[in-house]
Amino acid sequence: DSGVTQTPKHLITATGQRVTLRCSPRSGDLSVYWYQQSLDQGLQFLIQYYNGEERAKGNILERFSAQQFPDLHSELNLSSLELGDSALYFCASGESGANVLTFGAGSRLTVL
Amino acid sequence: GQNIDQPTEMTATEGAIVQINCTYQTSGFNGLFWYQQHAGEAPTFLSYNVLDGLEEKGRFSSFLSRSKGYSYLLLKELQMKDSASYLCAVRDHQAGTALIFGKGTTLSVSS
Numbered sequence: 006d007s008g009v010t011q012t013p014k015h016l017i018t019a020t021g022q023r024v025t026l027r028c029s030p031r032s033g034d035l036s037v038y039w040y041q042q043s044l045d046q047g048l049q050f051l052i053q054y055y056n057g058e059e060r061a062k063g064n065i066l067e068r069f070s071a072q073q074f075p076d077l078h079s080e081l082n083l084s085s086l087e088l089g090d091s092a093l094y095f096c097a098s099g100e101s102g103a104n105v106l107t108f109g110a111g112s113r114l115t116v117l
Numbered sequence: 574g575q576n577i578d579q580p581t582e583m584t585a586t587e588g589a590i591v592q593i594n595c596t597y598q599t600s601g602f603n604g605l606f607w608y609q610q611h612a613g614e615a616p617t618f619l620s621y622n623v624l625d626g627l628e629e630k631g632r633f634s635s636f637l638s639r640s641k642g643y644s645y646l647l648l649k650e651l652q653m654k655d656s657a658s659y660l661c662a663v664r665d666h667q668a669g670t671a672l673i674f675g676k677g678t679t680l681s682v683s684s
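Sequences listed follow chains A and B, in order. Each number in the working numbering comes from the position in the first sequence (counting from 1) with 5 added on. Each number in the working numbering comes from the position in the second sequence (counting from 1) with 573 added on.
Certain hints may be false.
Stated by the list, open to error - DSSO-like mimics (lysine-lysine), calculated; alpha carbons at most 27 Å apart, straight line:
| id | chain 1 | residue 1 | chain 2 | residue 2 |
| --- | --- | --- | --- | --- |
| 1 | B | 654 | B | 630 |
| 2 | B | 630 | B | 676 |
| 3 | B | 649 | B | 676 |
| 4 | A | 14 | B | 676 |
| 5 | A | 14 | A | 62 |
| 6 | B | 676 | B | 641 |
| 7 | B | 676 | A | 62 |
| 8 | B | 630 | B | 649 |
| 9 | A | 14 | B | 654 |
Hints were generated in silico from the structure; no laboratory data involved.
With the sequences and hints as input, model every part of the structure.
Given below as structure tokens:
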């Protein structure tokens with residue numbers, strides 16, 4: 006157990022729908038990072054939050070959004086889902102100024 | 574932006590030594606990382622280099638040359654459980670503290 010908790014583990018939904026993925030970082034970590042991993046693209050950085058504020062943006066689509074709450078948990082919202090959004094979504098957390106990111110077990114999204 | 578290249582696949586036998594290379598191009602280099610990922614599981618941290626040279630940690634070592642934009646991960650005394658994907662990642666000032674990953678090298682270890 007890495008200490009980073011992601012729910013749900015698996016999610017199956019239909020095109021056009023909206024889903025929310027949740028992440029609780031390790032105790033004491035202020036930063037949360039979201040990544041998408043598909044077979045052909047590898048691990049793609051989506052967005053980072055630090056202590057409730059957006060800190061950095063990667064290849065995040067406009068249909069996707071995220072936020073980090075006062076208790077430091079984060080949610081990734083995916084809307085108008087397409088078949089190509091099927092992927093593993095990982096959350097990682099890190100301490101302020103630390104180098105190592107610790108990953109959660111991931112949420113596997115299947116869009117039918 | 575960033576560009577990270579590593580071989581797609583490698584094979585090796587138990588007990589052998591394997592070297593996985595990674596080349597990168599980035600404008601604001603701030604560290605290179607190696608992660609291991611078993612199929613369907615979370616990536617786990619293996620090593621970190623920010624200065625040139627070799628970092629050794631048990632059976633795993635990682636090397637960095639910043640001037641050449643080059644790193645390698647060396648795995649010694651290979652075991653079957655080392656069959657996994659090995660992800661090279663860079664930290665770039667432009668992406669804050671996020672890691673930018675290559676597509677990974679899938680290593681298959683056979684007996």
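Quiz item: residue 14 of chain A and residue 654 of chain B: Cα distance at most 27 Å?
Solution: holds, 24 Å
Self-check item: Hint consistency between residue 654 of chain B and residue 630 of chain B [alpha-carbon to alpha-carbon, up to 27 Å]
Solution: holds, 17 Å
Quiz item: Does the structure keep residue 630 of chain B and residue 676 of chain B at a Cα separation of 27 Å or less?
Solution: The hint holds at about 24 Å.
Quiz item: Given the hint that residue 14 of chain A pairs with residue 676 of chain B, does the C-alpha gap stay at or below 27 Å?
Solution: Between residue 14 of chain A and residue 676 of chain B the Cα gap is close to 23 Å, so the pair holds against 27 Å.
Practice problem: For the pair we were handed, residue 676 of chain B and residue 62 of chain A, check the Cα-Cα distance against 27 Å. | Solution: holds, 19 Å
Quiz item: Are the Cα positions of residue 676 of chain B and residue 641 of chain B separated by 27 Å at most?
Solution: Given pair residue 676 of chain B, residue 641 of chain B holds - Cα atoms ~20 Å apart, limit 27 Å.
Quiz item: Are the Cα positions of residue 14 of chain A and residue 62 of chain A separated by 27 Å at most?
Solution: Cα-Cα ~24 Å, so holds.
Practice problem: Take a quick look at whether residue 630 of chain B and residue 649 of chain B sit within 27 Å of each other, Cα to Cα. | Solution: holds, 11 Å
Exercise. Measure nothing beyond the straight line between the CA atoms of residue 649 of chain B and residue 676 of chain B; if it is 27 Å or shorter, mark the hint as holding.
Key: holds, 23 Å
Taken one by one, the earlier hints all hold for this structure without exception.
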